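J.: Chains as they are written, first to last, in my numbering: chain V, 1 to 458; chain X, 1001 to 1432; chain F, 2001 to 2267.
Just to be clear, a hint being listed does not mean it is correct.
Here are the simulated DSS-like cross-link-like pairs (lysine-lysine), alpha carbons at most 27 angstroms apart as the crow flies [stated by the list, open to error]:
1. X:Lys1157 with X:Lys1190
2. F:Lys2133 with V:Lys452
3. X:Lys1190 with X:Lys1211
4. X:Lys1130 with X:Lys1211
5. V:Lys357 with F:Lys2133
6. V:Lys268 with X:Lys1310
7. X:Lys1157 with X:Lys1089
8. X:Lys1327 with X:Lys1310
9. V:Lys357 with F:Lys2032
10. X:Lys1117 with X:Lys1157
11. V:Lys268 with V:Lys112
12. F:Lys2032 with F:Lys2133
13. X:Lys1190 with X:Lys1117
14. X:Lys1211 with X:Lys1157
15. X:Lys1130 with X:Lys1089
16. F:Lys2114 with F:Lys2133
17. V:Lys357 with F:Lys2108
18. V:Lys452 with F:Lys2032
19. V:Lys357 with V:Lys424
20. V:Lys452 with X:Lys1310
21. X:Lys1089 with X:Lys1117
Simulated from the structure, these hints should not be mistaken for laboratory data.
On a predicted model such as this, the values are computed, not experimentally measured, just so you know.
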Amino acid sequence: MIAIAFLMLFLASITGYLVNRQAALAIRSGGTRLHSLAGFHGLYSLLLIMVPALLLILLWLVLQPVVIERMVMNGLPAGTLEGLDSGAVQLIQAEIRSIAGGRVFGTPDPWKLEAAERMNSLQGRAGWLLLTVLTGLMAAALVFSRSRVSAEFRARQGVERIVLGLMLSCAVVAIFVTVGIVLSLVFESLRFFSMVPVTEFLFGTRWEPQMPIRADQVAAEGAFGWIPVLLGTLVITVVAITISVPIGLMSAIYLNEFASTRFRAVAKPILEILAGIPTVVYGFFAILTVAPALRAAGAALGIPVAPNTALAAGGVMAIMLIPFISSFADDALAAVPRSLRDGSLALGATRSETVTKVLFPAAIPGIAGGVLLAVSRAIGETMIVVMAAGLMASMTINPLDSVTTITVQIVTLLVGDTEFDSPKTLAAFALGLMLFLVTLAINILALRIVRKYRELYD
Amino acid sequence: MTQTDLPADLQSRGHDWASPRARANVARRRRSETVLRVVGLGAILLAFLMLGILLWTLISQGSLAFRQTHITLNVPVAAEHVDPADPAKGNYRRVIAAAMSETFPEADTTEQRALSKILSNQAQFVVRDKVVADPGLIGNEVRIRVPVSDPYDQLAKGQVDTTSAAETRRLSDVEIANFRALEEQGLISKPLNWALVTANDSRFPELAGLKGAIVGSAYALLICFLISFPLGIGAAIYLEEFAPRNRLSDVIEVNINNLAAVPSIVFGLLALAVFLGWFGMPRGAPFVGGLTLALMTLPTIIIAARNALKAVPPSIREAALGVGASKQQVVFGHVLPLAMPGILTGTIIGLAQALGETAPLLLIGMNAFVTSTPATPFDASTALPTQIFIWADSPERGFTSRTSAAILVLLGFLVMMNALAIFLRNRFERRW
Amino acid sequence: MMNVMTRTEAEVGAGEQIKVEARDVNVFYGDKQAIRDVSVDILDRTVTAFIGPSGCGKSTFLRCINRMNDTIDSSRVSGLITLDGQDIYARDLDPVQLRARVGMVFQKPNPFPKSIYDNVAYGPRIHGLVRDKAETDAVVERALRDAALWDEVRDRLQEPGTSLSGGQQQRLCIARAVATQPEVLLMDEPCSALDPIATAQVEELIDALRQEFSVVIVTHSMQQAARVSQKTAFFHLGNLVEFGDTDDIFTRPKDPRTESYISGRIG
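Given the sequences, and given the hints that come with them, work out the whole structure.
T.: Written as structure tokens, this is what we have:
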């Protein structure tokens, strides 16, 4: 049905284009000078037909399943859903959907079969309704745009206005994404905070979201204080930053000041490879190589190292961050005006003195911005910690211990079943909201510092 | 200029640069210069070393999975196990057991059961399919070549330490001896493991392949491209060429920069709450994955496209405006074509990032155990990175090497995409 | 060229001591030759001006005298330059020490993003010329006095050097350069970024510095060369065309190219 809708859309647009162009050409061959080229008259019609129709189809696609589902669920025999929690209702919904899709397992209840049939018939009717509405809309657009064709009609301006509007809406999509993120996080978090007090979440020092299975135990179990999770995140971030910043900085200094052009040309792309490796690969590397190596080293030294020590996750994250910090520091050092470098060298400073005493202090704001962005990356990094860090939240700052992070908890809470109204799943959104706010604050600060720094030397 | 408190060697103009003190000072400074140089080089080499270890680990592990141990077996299909009237319902497990007992005539029943385990679980279905296709085979022998099961695959690849204590390994001495006997009969071979890319996921490592994941990733990338590319170009053109200097433009600008730095998992939460929760889109569908990745890739493409547009010199615009073209005619007729190579390069790099992205796909359920290739973007499926995640989580030894192999496949795709981007840049980039 | 040489040698007379001696200096940037066979003698306690149209190589030659050209990868210098008879391109000579002896001031004021005090103390500190705070204070004060800046900044030594006005910044850079007590001070168009009042101050300063240092100044302003220098060298297309007393160059140029340049026909 959707395919037919798109085909109709395509044909109608082409028709509109040809009709209007033909009409415009006819006026011109009649000896009148057109304001706009005939092609623009055609385009005008094409856009006028295509844009609203496309919007209609997309809107329909998004809304149809929701509306139909609701109609089917409301049409169920009275009392079927009584006393069921939302998880069970979702299960029934899924079953009806799969029956409607032709995948029948076992012998479902007759009312489910009935509902599935109803769903199918509704979908069929919705399809026809879409085609009817679409045809009407496109016909109206066609007639209207044809009526506009005249010698004085400014078709080019019309087209350009529509195109400009389209481009503006493309740019506004970016805002919608942010708004969508904020709204969805806030909305789900509010539901969470209606079950768990905000203060408990913000200041609680126990994180035990593993809710018991039976509903009557809710009050007895489950602790949602995010402090230990935050602490774990910070431990891993600190490990990653302490390792990656010196290495990244030193590489940048070497590349900027000492390396020959040829070495630089080879070394920079190789460093960039480290940045291009997907994080799931780093996670695998951490569990396959780094964690066992650390444990063996710990055993050799007689230090107890947890199997999923924060050091492994943090260390591997550091490898990922090296090129990031190095390229930021490289840019910041290169942005220091040549005159300062010359001034220092002309006073008889060595290259190392020039770097450490003049260039580096001058570049600190730029480097600090880069390090902050790296911190925000480390906090938001998911796959490495999901694979290599622990699941249990504990109040420790020992990097040899196992710690958990915000992102690990989000993934563990949400992967698998998603009951949308248990505090367990909603807690993930509250954590997500905190993650978003923290990283956003760091990013804004970092971008501001970096921009100030650029202005300083431009 | 009277200076009373200056030290003697500063009283007069100039210094004795040849004095021992001056020489020692220079020597010290030269040393610290060397130290910094060595430390800097050391830092870079350390990073290279890490990269080297990472790649070496992946290649040494992954190359094991590029070959799969197979066994070639003549299987007698006896009529007692398979009813010629309905060959699909036959007891093929027994058929396989019979074939093994023919190879090892002196084995008793318990040993026979163990012997059957040498073959992959797939073997019975291979025989079944052959018999169903040609029922005339009943009563005759079928020659099959099937993978051996994971422990024996590891043994054949030398990954089992046969000298260690028997309790610590998954194969007993007898089992190892049996397998060695098969090897001596020349029934064991190690062909290239095409199943790695032509088979779907499986519980058994020797059968598991990436086809479903590759198709899933391809669908997701296609959707991601179809959405983010036009949106990204539209937004970039608007912001770069048409946007008035006003609040809205500033907000969009700041917004895009911040969006580029939002952790990927937050996009996963957005997708879970909005696409799955509110719109009821199917779980684990590459379509939803592509949609999510598109939102993440959008800022990257917008920023790359704006830089490409910015690089087109104003003289081109002025020239076209000068002959009376409208602003839009200038942009679409002259500026955009010139900026296209740059935009495409940025887009490919953005898509390469999207291809490796895992976390948001986990949240929308693209980590399910799916044993079929998705037929449409709306079917549940995995993607390459999530498949890697699933396999990395699996306890079987065989999955370790397969995870590495899957990573090598993923890295292969990434290398190809980046190579294409570099090629585009070098081939079409203009220096103004 | 040779007659230029003989003339200078003849002039080296009573009390006039040669500080820097250059013989047949060539400078290449990659394949491009920027300086051809330049020979010149720079006297102690004298201001020598290098003039010529832009791109004539006067700055390039200036940068040879403290080996700043070494910092450009593709540059190559041949010929002989000596400081007090010592080959400055000799293998065992450390450019780091040389630059302490041959200071340099650049076209655009380039104070480090540090305090005024730290700017001036930078050189003495790295070269180990000062041992403690008191010595540093004394050196900084003397350098700032030498640069005629002391009275203006004595109360704000801890403010950033970039907070000064353009002319003050340039004098700060001069103070920074003289703080290591160099023997030669190279100035690469030191007034080109300054307003007339600041220019006058710096020119006055240059004249005062002549009492202690050998000063070489590159300038595109012939008036400035005439005002501050005793010796003038005219460069054209990488060649040293004429070198002699400033008065002679401006009143009785020997070479037709010099004549057309100072009369404004090339430039």
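J.: Verify the proposed pairing of Lys357 (chain V) with Lys2032 (chain F), using a straight-line Cα cut of 27 angstroms.
T.: With Cα atoms ~34 angstroms apart, Lys357 (chain V) and Lys2032 (chain F) exceed 27 angstroms; violated.
J.: Taking 27 angstroms as the top limit, are the C-alpha atoms of Lys2032 (chain F) and Lys2133 (chain F) close enough?
T.: 48 angstroms, violated
J.: With the threshold set at 27 angstroms, check whether the alpha-carbon distance from Lys1157 (chain X) to Lys1190 (chain X) stays at or below it.
T.: 9 angstroms, holds
J.: Would the pair Lys1130 (chain X) and Lys1211 (chain X) pass a check requiring their Cα atoms to be no farther apart than 27 angstroms?
T.: 23 angstroms, holds
J.: Keeping to a limit of 27 angstroms between CA atoms, is the pair of Lys2114 (chain F) and Lys2133 (chain F) held or broken?
T.: 17 angstroms, holds
J.: Hinted pair, alpha-carbon criterion (27 angstroms max): Lys357 (chain V), Lys2133 (chain F). Please report holds or violated.
T.: Given pair Lys357 (chain V), Lys2133 (chain F) holds - Cα atoms ~18 angstroms apart, limit 27 angstroms.
J.: Between Lys1211 (chain X) and Lys1157 (chain X), is the straight-line Cα distance small enough, at 27 angstroms or below?
T.: Judged against 27 angstroms, a Cα distance of about 24 angstroms means the pair holds.
J.: Decide if the proposed pair is consistent with the structure: Lys268 (chain V) and Lys1310 (chain X), CA atoms, cutoff 27 angstroms inclusive.
T.: 25 angstroms, holds
J.: Do the alpha carbons of Lys357 (chain V) and Lys2108 (chain F) lie within 27 angstroms of each other, as the hint requires?
T.: 20 angstroms, holds
J.: Given the hint that Lys1089 (chain X) pairs with Lys1117 (chain X), does the C-alpha gap stay at or below 27 angstroms?
T.: 21 angstroms, holds
J.: Does Lys424 (chain V) lie within 27 angstroms of Lys357 (chain V) when you go C-alpha to C-alpha?
T.: 53 angstroms, violated
J.: For the pair supplied as a hint, Lys452 (chain V) and Lys2032 (chain F), is the alpha-carbon distance within the 27 angstroms limit?
T.: 39 angstroms, violated
The structure shown violates the earlier hints numbered 2, 7, 9, 11, 12, 18, 19.
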